[in-house]
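*Asks:* Sequence:
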Amino acid sequence: MQLLRFTSASLLALFVLSYSVPVHAGDDEVTHRLGKSATSEDPDERARAVEDLCRINDKLAASYVLAALQVEHDGPAGFRMCDAVADLTDPDALKLISKTVGKWNTPETLMGAVWLLTGLAKQRSRGGDDVLGELADDVSERDVYFGSAYIEALASAGRTDFGHMLPPLLGEYSSKWDNERWMFALTVLSACPRMVTDKDNDTRFAVVLKLADILDQTKDDRIRWFTCKALADITGKPPYAQGQYWRWWVKVGGVTPEDQPEHEGKTSTGRRPPAFFDAEAVGKRVVFVIDVSGSMSSPVNMGEEPKDPKTDKKDGPVSGKRKGDKDDDNKAEEVEKPDYSGVVTKLDLAKVELIFTLNHLPEDYSFNIVTYGSTHSMLIQSRNEFVQATEKNKQTFIKKVEQLAVMGATNIHGALNRAFCINEKKTLDPADMMNGKADPASDLNCLLSGATTIFFLTDGSPNVSDEKNPPDRVADPTARARFTITENIIAEVRRLNLFRRAVIHTVGIGPHPKPLLQGLANATGGKYIDRSGQPNLPD
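So for the sequence shown, our numbering puts the first residue at 33; every next one is plus one.
By construction, these hints were calculated from the structure, which means they are not laboratory data. By construction, the Cβ of each residue, glycine as well, lies at the ideal position given by its N, Cα and C atoms. Some hints here could point you the wrong way.
Have a look at the derived ranges for each label pair, beta carbon to beta carbon [to be verified]:
#1 ASP124 x VAL438: 27 to 35 angstroms
#2 ASN233 x ALA463: 47 to 55 angstroms
#3 SER206 x LYS432: 18 to 26 angstroms
#4 GLN413 x LYS283: 51 to 59 angstroms
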């Protein structure tokens, strides 16, 4: 009997250490120990603890899950916890969630709310859906933070059965969406393609008509871009920028008869946005993140890109004008190209493209530049915030770009973190971010005036990162830092950007990790540009 008691205690201790075996509800000692582990400094340990708490699936376990999610600030761990909530189906646990999550309506609780609500939405259980239904009354453009978390959760879970919520929300559009409530606006716009299906044409057509109304009313280029993207994704048509076209599209039943001409034309927004490697800026706050690691000194393969600085022609986004309409905008726009004649190395190419883009930034844009090798920094360390694109400022930065030289390894994680820390008023210190003293995902200045577009350029795979406790390479030469792993970098960027909605365009020069760059672009609606001219690197 004594041996049996010892064996049971040993098994319990083994479970608490490994979190590998689910336990039944009612064993409060195990629940409390897991709750303590959910506050560990190790994000993977926190995630494992929450996964097991959700498998315990009772009210006490749910209380620890709520406490963990509310303060979680790690992308990979947070998304693991989100998936685990799908197991939390106990009625008493769901009642506790219903009473609690509706109060998470601040920037600091945004991520916790979206992770928790996404887990509920993924359950597709009667109990989980009842909670979501009860909380739906609190969703409005007036409640920016909780409303954004709720809609993003439904969209992330692919809940097309909640698509009927979208037309009334889109109908709340006012000029405040262009400035004060843009976070809610962009969340709803980006949710539309994920919550609308051609199996429910009534909802689909209603959403398209509301989006057409927004196109006619908005004066904000960023709202217009996300609206056009939503319409294109929902319908499979080009991103026409006039509401007239979309009303016609609904009128003909969402199909284009062969004898009915399509609408064509240039964008109705006027000037073309500035571009970097042919990827256009969205919004007017732009950050360039430029690799200056040692390998950037290698020769560059220019591939098929034109080397003649003379102009060529380029088609742009379309507005919805009919064939035959008389409009000078329908003429192909002439686009000047950089002069590649002096390009030898990969860094040369990056400099030429960057200087060309800076020279063409309109004065009502603002920008900054991050460079990175083993470490990362602002191009001009005394200029941390966004800088207005005046001629004087542009020439000051161009002189610094011309002086760039290569150094060190490739810290992609740290460079992206720094890009998300930049804002108009008080740029965060990335060191504070890594020490848990600041978080650009919830910092109000970053949310309100952070980057709207990030142009990210690299020529290699991540091999160092900003980590508090990096692996001991002496003890284990094969060990990889957590944030040199593709899926972890993408998960962390998803967290940082979920309610920022910055578009990240990625450029790979030379051999580079295509899955990482493609993943970053796909996760943010950006464009991936392959300028390698060579085989890409594996992850």
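*Asks:* Could you run down the list of hints and mark each one as holding or not?
*Replies:* Hint check results:
1. ASP124 x VAL438: 27 to 35 angstroms: 59 angstroms, violated
2. ASN233 x ALA463: 47 to 55 angstroms: Once the Cβ atoms are compared, 53 angstroms apart, the range 47 to 55 angstroms for ALA463 and ASN233 holds.
3. SER206 x LYS432: 18 to 26 angstroms: 42 angstroms, violated
4. GLN413 x LYS283: 51 to 59 angstroms: 57 angstroms Cβ-Cβ, so the 51 to 59 angstroms window holds.
Violated hints for the displayed structure, listed by number in ascending order: 1, 3.
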